[in-house]
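Take a look at the letters that make up each chain.
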Amino acid sequence: DARVTQTPRHKVTEMGQEVTMRCQPILGHNTVFWYRQTMMQGLELLAYFRNRAPLDDSGMPKDRFSAEMPDATLATLKIQPSEPRDSAVYFCASGLVRGQPWVGELFFGEGSRLTVL
Amino acid sequence: DQQVKQNSPSLSVQEGRISILNCDYTNSMFDYFLWYKKYPAEGPTFLISISSIKDKNEDGRFTVFLNKSAKHLSLHIVPSQPGDSAVYFCAASASSNTGKLIFGQGTTLQVKP
Chain A
1 DARVTQTPRH
11 KVTEMGQEVT
21 MRCQPILGHN
31 TVFWYRQTMM
41 QGLELLAYFR
51 NRAPLDDSGM
61 PKDRFSAEMP
71 DATLATLKIQ
81 PSEPRDSAVY
91 FCASGLVRGQ
101 PWVGELFFGE
111 GSRLTVL
Chain B
1 DQQVKQNSPS
11 LSVQEGRISI
21 LNCDYTNSMF
31 DYFLWYKKYP
41 AEGPTFLISI
51 SSIKDKNEDG
61 RFTVFLNKSA
71 KHLSLHIVPS
81 QPGDSAVYFC
91 AASASSNTGK
101 LIFGQGTTLQ
111 VKP
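Chains as they are written, first to last, in this note's numbering: chain A, 1 to 117; chain B, 1 to 113.
If you're looking for bench data, these hints aren't it; they were derived computationally from the structure. Careful: at least some of the hints might be erroneous.
When the alpha-carbon atoms are kept at most 25 Å apart in a straight line, the in silico DSS-like pairs for lysine-lysine are as follows [what the hints assert, rightly or not]:
1. B:K100 - A:K78
2. B:K71 - B:K54
3. B:K68 - B:K5
4. A:K62 - B:K100
5. B:K71 - B:K112
Please work from the sequences and hints to get the whole structure.
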């Protein structure tokens, strides 16, 4: 049963601390996304990768957020330093994106709920 | 700049009735649209999609309608069931091979028994 796996599921930290969220995409998927769920914006795209190369990270606050994909089985999203306004649920999603036009779907993990005090 | 908008934060319907969830978009380059369903403490799951070459796509109780001239799509659930109670997200993608989905704010549907 292939699925996207995210850790940690829950994280409570204090302002100023570093937070790292991890994602294992579905094997064989070539595109990985990081989304953040907020009440006002819904699901907000932060960054995404194709074949481990970053395609777009314009949705991320550059001064404190960073996203990497050190290998095909791991994507990371790091916040340093964290702030209370970063409190949200962060989702990782993966998909097999090929062909044009693309008419597939993305598969989401269960999310990492971050609370910054 | 919210390119995909779901203007109704919540919707409540009686079991057995029709649920209609609406979504508007502003980017005329969008040509592929999806609906996702999300239960609490879970990730969103794909529900149904539609390409801009169609104006309707049906899958069981779920039908998505697309009105390109109005830049509007809707999801119809008939008949609604209590298990349909969830947050529904509309998403859009432009014709390319990036796979990037732009989501709306979501609509919380409550189906009352």
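Okay, the hints, checked on the actual structure:
{"no.": "1", "hint": "B:K100 - A:K78", "in the structure": "21 Å, holds"}
{"no.": "2", "hint": "B:K71 - B:K54", "in the structure": "13 Å, holds"}
{"no.": "3", "hint": "B:K68 - B:K5", "in the structure": "15 Å, holds"}
{"no.": "4", "hint": "A:K62 - B:K100", "in the structure": "20 Å, holds"}
{"no.": "5", "hint": "B:K71 - B:K112", "in the structure": "31 Å, violated"}
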